[in-house]
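**Q** So the chains spell out like this:
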Amino acid sequence: MSLLATVGKQLKSHPALIPLFIFIGGGATMSVMYLGRLALKNPDVSWDRKNNPEPWNKMEPTQQYKLFAINMDYSKLKKDRPDF
Amino acid sequence: MAQYTQLGLQDAASPLMEELLHFHDHALMIITLISAFVLYIILTMVTAKTTDKYILDSQEVEIIWTVLPAIILVLIALPSLRILYLLDEINDPHLTIKAMGHQWYWSYEYTDYEDLGFDSYMVPTQDLTPGQFRLLEADHRMVIPVESPIRVLVSAEDVLHSWAVPSLGVKMDAVPGRLNQVAFVASRPGVFFGQCSEICGANHSFMPIVVEAVPLEHFENWSSLMLEDA
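Going down the list, the sequences are from chains A and B. Going by the working numbering, the first residue of the first sequence is number 817, and it counts up by one from there. Going by the working numbering, the first residue of the second sequence is number 41, and it counts up by one from there.
What the hints contain is simulated information worked out from the structure, not anything from laboratory work. Check the hints yourself; a few may be wrong.
Taking lysine-lysine pairs in the DSS-like style, the calculated list, with each CA pair at most 27 Å apart, reads [said to hold, decoys possible]: (1) Lys138(B) x Lys895(A); (2) Lys874(A) x Lys894(A); (3) Lys894(A) x Lys138(B).
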């Protein structure tokens, strides 16, 4: 609380620092969110080795695992390889 | 191919390379404008007659020169991320070719339908015919059908090499014991040159890559001829 109060007081006399907080804070938030997404939703990651040891073997052919799909229509993809 | 004193990228021969070219133009324009502006500021400050002995501060201009660069960076990052994701999209290749790096030549294997394989050595400078390009020509070109998605599986038989064709926007390391995949579409017919891009010994600069994109019937004729010669 005292850290926040100190920073808040300093910001009042130097309002030019507010955009700095916004951009650095935004950038840090986006990085942490992307790392969290990778940790939780990336099929290369296995958290539960007993129940879900190899999640990369359970991917659907129509599953989008990347964050953005620019030109891809994932619903059109077919499964053309044998089952594992 | 690259020309003497060429400064920019080679003309694009594939849609992805076109995207990279346009992004390069966009980023280069931004940094040119910023550099010109900074140079102007420096010259103005160096030649100014006014001086000030005391510390100056201004909250308004600090806000501007924090927010404006952040906006410029976002304007660079968004097209960059778009291309990054475009490069990783899933393709449906019509043809798969294996490019194997050796010391000091490439070998290509077209094994989808028949067993076609051949080596591609650089044409030595003394054997060049008029009109050929020094250190870039090869005796056998990797011929592909134009406007077809191609998958190239790159590997090496001895040391590290790298299979690169700048006008197609393609570069992939050839690692012994590892299979790397790269995919592209040649959007126009033509001959596209590249050079080995990972140091691999004495003749690293003398093992070029030549890709020739031709209409499908010409590709079929060429592969029948190559199979007969083998």
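**Q** Which of the numbered hints above does this structure break?
**A** none
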